[in-house]
Structures are given as C-alpha cells and as structure tokens.
Amino acid sequence: MLILTCPCCGVTAEETEFHGGGEAHLTREGPGSDDAALEGYLFHRENPRGVHFERWRHVYGCGKWFHAARDTATLEWFGFYPAQTSEPPEALLEQIRQKRPGWRWRDFA
Amino acid sequence: MSDPVSALAGKVSEGPVRIEDLAPRAMITVRGKLSDTAITEALASVSGLAMPGQRGIAAEGEKRLAWMGPDEALLILPRAGLDAALSGLTEKLGSAHALVADMSDARALFRLTGEDAALRDTIAKVAPVDMMRFPTGEIRRTRLAQIAGAFWMPQEGTVELVCFRSVAQYAFDLLSQAAVGPRVF
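Residue numbers (this note's numbering), protein chains in the order written: chain A, 1 to 109; chain B, 110 to 294.
Don't read these hints as lab results, they were simulated from the structure. A few of these clues could be false.
Quick list of in silico lysine-lysine cross-link-like pairs, BS3-like style, CA-CA up to 27 Å [said to hold, decoys possible]:
| # | chain 1 | residue 1 | chain 2 | residue 2 |
| --- | --- | --- | --- | --- |
| 1 | B | Lys201 | B | Lys172 |
| 2 | B | Lys201 | B | Lys120 |
| 3 | A | Lys64 | B | Lys234 |
| 4 | B | Lys120 | B | Lys234 |
| 5 | A | Lys64 | B | Lys120 |
| 6 | B | Lys172 | B | Lys142 |
Calculated Cβ distances over 12 Å to all of chain A for the following chain B residues [as the list claims (entries may be wrong)]:
| # | residue |
| --- | --- |
| 7 | Thr146 |
| 8 | Gln163 |
| 9 | Ala168 |
| 10 | Asp180 |
| 11 | Thr199 |
| 12 | Val238 |
| 13 | Ala257 |
Ideal Cβ positions, reconstructed from N, Cα and C, are used throughout, including at glycine.
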C-alpha cells in the first residue's frame, strides 16, 4: 500500500484515492520528430530498481495531476511536486542524493 | 416547471447512525483560480460567508462555501436562492477568468447524525480517511467504496455528504449497511 500526499490539496491518503500516470518528464515527440524519437516516446520507459519519477493524479480528490519521486524497491516516497515543471526541483534531487548516493535516473543524478 | 425533488425523495435509514436524504438545495460550482481575489470576493459577497482556506468549508444555516481544489469552490444555498446566486455570481465575477455552473440537479446530499464515535466509524468503513483525526470545518473529497464523494462535519455528531445523483441509491445503501455491524473503533 502506497501512501501519497497531494501537493495541490495537501491531503495524505492511500493509493486507491489516486491514479498512477506513468513515467514523469517525458518529451512529447510529434510531427517533425524522427522515427527513433517517436518510438522512444511511445514505447521506451524506465523500469528502475530504485529511484523513479512518476506522474500521479488525485482522481477521487481535487482531481489535480502532480509529480512524485519514490524508490521502487523500498516504496519510500522522496517527495511530491507540482505538475507544472519539466524537471524535479533541485532541493528534492539533493535530498535523494543524500539518501541514495550514486543514484541515476535518465539524465538526472 | 416541475418542482425539484431529491434523488431518493427524502429516504431515511434509522439506526445507530441516522442517514437522511436531504431536500434539494442549490449547488453551484465555481471554477477559477482561488488565489484571484476577484473570485473569492464574488463568492464571499454572494454567499455572505468568508472564503475558507485549503480544504476548508464555511457553514451558516443551510449555506455552505467549500474549498474543493486550488481552482474550484462549491457553494450550497437554499434552493430558492439558486437563480439570484447564479446571476449575482456572474455579475460580480465580471471579467474574471472563471466559470459558474449550476450543479443542483447533479448531486445528492445526505446528512448523517448519531453518536460521534459511531458516525466516524461508519465513514471510516467506506472511505480511506483517518476518521479518528478528522476535524470539523474541513471538507474531504474522497472515495466512498466504489464511488466518488465528499463529506464534512458541520459539528461533532453530524456529517454531511455529497455524491453524484446517479449513485445516490448506492451511497445510501452503503452508508446504512456500514452504520450497523461490527465497530472498527
């Protein structure tokens, strides 16, 4: 059971009140992009054992999308941050660096 | 025009917790950034209630003004005040970027009364909410078993609950069955 805190309404609730939206910070490749980029956007996803960044929606609550960072092995949440950003906040990255030295996720480390 | 009726026509379930389908009220959803004072002032002046903060709900008589999200507020008024509130809000909002929607016929409204512990117990059985620590004056949008719903406690011993009208019977049956049976707390 995952317990999340929605950064939009501040509620802490278990995962059935939310809906997972998959990997965070994808670049939406569309018309004009090359085949490899489109293929990557459509099909290639991270599947780490450890630090992972995800999108979630507070579907039964305020209805808002937000981002979350967690460890897929321990189910520890590192933090929740607004959807209106293309990369995790530096303070959160620093916190993860301290907890999981040497971690790497896509271009973030 | 035909008279408005509530979803379950005032059905009541007696027991340790009394569940009552309330008579229709006016429910108005206002969408727009609540950080915009033009919007909160319009809501406050039409309702006569102060706009509550995050997850808050203000209550006075039959009137309620609830914070539903960073860009959503819910106004509940006596049904007779619907048209005046809609036109008042539209006029007061003026050019502010906001939407006023009449949701009166879209929702069902229940009142649950009983001993405080029994009441918290009933809600705790159907919603993933820590009811031991749920305060009065807070609105919680959540899941009631398989449906979406929201509830608040105007005072200890009373819960008011809204859900979609189409699932009113489900909510009523769910709550009346949760009200009897083994206690969690």
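Name the hints, by number, that the structure is in violation of. Of the numbered hints, 2, 5, 8, 10, 12, 13 do not hold.
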